[in-house]
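Peer 1: Spelled out, the chains give:
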Amino acid sequence: SAVISQKPSRDICQRGTSLTIQCQVDSQVTMMFWYRQQPGQSLTLIATANQGSEATYESGFVIDKFPISRPNLTFSTLTVSNMSPEDSSIYLCSVDRTGTEAFFGQGTRLTVV
Amino acid sequence: QKEVEQNSGPLSVPEGAIASLNCTYSDRGSQSFFWYRQYSGKSPELIMFIYSNGDKEDGRFTAQLNKASQYVSLLIRDSQPSDSATYLCAVNQERDDKIIFGKGTRLHILP
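Chains as they are written, first to last, in my numbering: chain A, 66 to 178; chain B, 243 to 353.
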C-alpha cells in the first residue's frame, strides 16, 4: 500500500476564508483523487488530479470553488475557497497504486464557523 | 437507482457471531469490488477486494460476489468488539474507471 501524508489533519476556519489541504505520497503515482465525506455520508469524489494537466471535476464541483494543483507525481493540493458552513466535511486524498484500489490519507476534518 | 446501495444500519451483532454486510450496485459492467472499514474520525481502510464471482476468504473475512445479481457481501466470522465500525462498499465503474462508494453500514458488535 501507499503511504499518504495529508495535512492539516483538522482545522476550524472562518466563513469566507480559504483553506489549502496538502497531500504527499511516498512514491510517484499517476492519478490522485480528492474526496469529500460530509457528516453521516459516504465518500463523494470531487476531482481527479493529473500531473501536467487540469484536474477533472465531478458533477457539482467546480474549479473556482475547489482549485487543485498537481505540480509533480507525488504531491497535490486542494483548496476550499470562500468557505461556508456547508463546506464542513472531511476531505480525503486518495491514490490508486494498483490500477484498481484506492488508498487514503488520514483526512482533513474541516469545520467552518 | 443509486449506484452503490447499502443498508445504513446500525447492524448489531453479538460478539462471536457472524456479521453479514450487503451491497448492491447498478453498473453491470463493474469488475472490481471493495470493502473498506472506517472507524469514527478515521479515514477508510481497505480490508477486502474481489474481482471474480464466488467467495474470497482472508482470515475472519469472506467477500462474496454475484455479478448476475449485482450483489456483493462481506461476512465477518467470530465478530469482535474491534470490528465495530462503518463498512463501505465500493465499486470500480467500467464506464469511467472511477471508484464509487456506498453510504456505508454501521456495524456494532455487542460484547
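No lab work stands behind these hints, which were simulated from the structure alone. Treat the numbers as computed from the prediction; the structure is a model and nothing was measured. Quick reminder that beta carbons are idealized off the backbone N, C-alpha and C, glycines included. Wrong hints could be hidden among the right ones.
[What the hints assert, rightly or not] Keeping only pairs whose Cα atoms sit at most 27 Å apart, straight-line, the calculated BS3-like set for lysine-lysine is:
no.: 1; chain 1: A; residue 1: Lys-72; chain 2: B; residue 2: Lys-309
no.: 2; chain 1: B; residue 1: Lys-340; chain 2: B; residue 2: Lys-309
no.: 3; chain 1: A; residue 1: Lys-130; chain 2: B; residue 2: Lys-309
no.: 4; chain 1: B; residue 1: Lys-284; chain 2: A; residue 2: Lys-130
no.: 5; chain 1: B; residue 1: Lys-340; chain 2: B; residue 2: Lys-298
no.: 6; chain 1: B; residue 1: Lys-340; chain 2: A; residue 2: Lys-130
no.: 7; chain 1: A; residue 1: Lys-130; chain 2: B; residue 2: Lys-298
no.: 8; chain 1: B; residue 1: Lys-345; chain 2: B; residue 2: Lys-298
no.: 9; chain 1: A; residue 1: Lys-72; chain 2: B; residue 2: Lys-298
no.: 10; chain 1: A; residue 1: Lys-130; chain 2: A; residue 2: Lys-72
no.: 11; chain 1: B; residue 1: Lys-298; chain 2: B; residue 2: Lys-284
[What the hints assert, rightly or not] Under 10 Å between C-beta atoms, here's a sample of chain A residues computed to sit facing chain B:
no.: 12; residue: Ile-69
no.: 13; residue: Leu-108
no.: 14; residue: Leu-110
no.: 15; residue: Asn-115
no.: 16; residue: Ser-118
no.: 17; residue: Tyr-122
no.: 18; residue: Glu-151
no.: 19; residue: Ile-155
no.: 20; residue: Asp-161
[Claimed, not checked] Computed Cβ-Cβ distance ranges for the label pairs, DEER-style:
no.: 21; chain 1: B; residue 1: Glu-287; chain 2: A; residue 2: Phe-126; range: 22 to 28 Å
no.: 22; chain 1: B; residue 1: Gly-283; chain 2: A; residue 2: Gly-81; range: 23 to 29 Å
no.: 23; chain 1: B; residue 1: Pro-252; chain 2: A; residue 2: Asp-129; range: 35 to 41 Å
no.: 24; chain 1: A; residue 1: Gln-79; chain 2: B; residue 2: Gly-258; range: 26 to 32 Å
no.: 25; chain 1: A; residue 1: Glu-123; chain 2: B; residue 2: Glu-287; range: 37 to 43 Å
no.: 26; chain 1: A; residue 1: Gln-89; chain 2: B; residue 2: Gln-322; range: 49 to 55 Å
no.: 27; chain 1: A; residue 1: Gln-106; chain 2: B; residue 2: Ser-262; range: 21 to 27 Å
no.: 28; chain 1: B; residue 1: Gly-283; chain 2: A; residue 2: Lys-130; range: 23 to 29 Å
Peer 1: Hint by hint, note whether the structure agrees.
Peer 2: Each hint, compared with the structure:
Note on Lys-72/A and Lys-309/B: the hinted pairing is violated, with a Cα-Cα distance of about 39 Å set against a maximum of 27 Å. For the hint linking Lys-340/B to Lys-309/B, the alpha-carbon distance of about 18 Å falls within 27 Å, and the restraint holds. Restraint check for Lys-130/A and Lys-309/B: the C-alpha separation of about 38 Å exceeds 27 Å, so the hint is violated. As the CA atoms of Lys-284/B and Lys-130/A are separated by approximately 25 Å, the hinted pair is consistent with the 27 Å bound.
The hinted pair formed by Lys-340/B and Lys-298/B meets the criterion: a straight-line CA distance of about 23 Å does not exceed 27 Å. Pair hint Lys-340/B plus Lys-130/A holds up; C-alpha atoms about 22 Å apart against a cutoff of 27 Å. Note on Lys-130/A and Lys-298/B: the hinted pairing is violated, with a Cα-Cα distance of about 42 Å set against a maximum of 27 Å. In summary, the hint linking Lys-345/B to Lys-298/B is supported, as the alpha carbons are separated by about 23 Å, within the 27 Å threshold.
For the proposed pair Lys-72/A and Lys-298/B, the alpha carbon gap of about 35 Å is over 27 Å, so the pair is violated. With a C-alpha separation of about 19 Å, the suggested pairing of Lys-130/A with Lys-72/A holds against the 27 Å cut-off. Under the criterion of a C-alpha separation no larger than 27 Å, the hint pairing Lys-298/B with Lys-284/B is consistent with the structure, at around 26 Å. Restraint check, Ile-69/A versus chain B: the minimum CB separation of about 9 Å is within 10 Å; hint holds.
For Leu-108/A, the shortest C-beta to C-beta distance to chain B is roughly 4 Å, which falls under 10 Å, so the interface hint holds. Hint status for Leu-110/A relative to chain B: holds, with the closest Cβ pair at about 6 Å, below 10 Å. Given hint, Asn-115/A at the interface with chain B, is violated; its Cβ is 13 Å from that chain's nearest Cβ, farther than 10 Å. A distance limit of 10 Å between C-beta atoms decides the matter here; for Ser-118/A the minimum to chain B is near 16 Å, and the interface restraint is violated.
Interface restraint check for Tyr-122/A: the shortest CB-CB distance to chain B comes to about 12 Å, outside 10 Å, so the restraint is violated. Annotation: interface hint on Glu-151/A violated; nearest CB of chain B at approximately 18 Å, more than 10 Å. Interface hint status for Ile-155/A: upheld, as the beta-carbon distance to the closest one in chain B is roughly 8 Å, under 10 Å. A least Cβ separation of about 8 Å between Asp-161/A and chain B falls short of the 10 Å threshold, and the interface hint therefore holds.
Evaluation of the 22 to 28 Å hint for Glu-287/B and Phe-126/A yields a pass: the beta carbon distance comes to about 25 Å. Range check, Gly-283/B to Gly-81/A: about 27 Å between beta-carbon atoms, so the 23 to 29 Å window is met. A hinted range of 35 to 41 Å holds for the C-beta pair Pro-252/B and Asp-129/A, which are about 39 Å apart. Hint check: Gln-79/A to Gly-258/B, Cβ distance near 49 Å, so the stated range 26 to 32 Å is violated.
At about 23 Å, the beta-carbon gap between Glu-123/A and Glu-287/B misses the expected band of 37 to 43 Å. Separated by about 33 Å at the C-beta atoms, Gln-89/A and Gln-322/B break the suggested range of 49 to 55 Å. One distance hint, 21 to 27 Å for the beta-carbon pair Gln-106/A and Ser-262/B, holds here, with the actual separation near 23 Å. With their beta carbons about 25 Å apart, Gly-283/B and Lys-130/A fall inside the hinted range of 23 to 29 Å.
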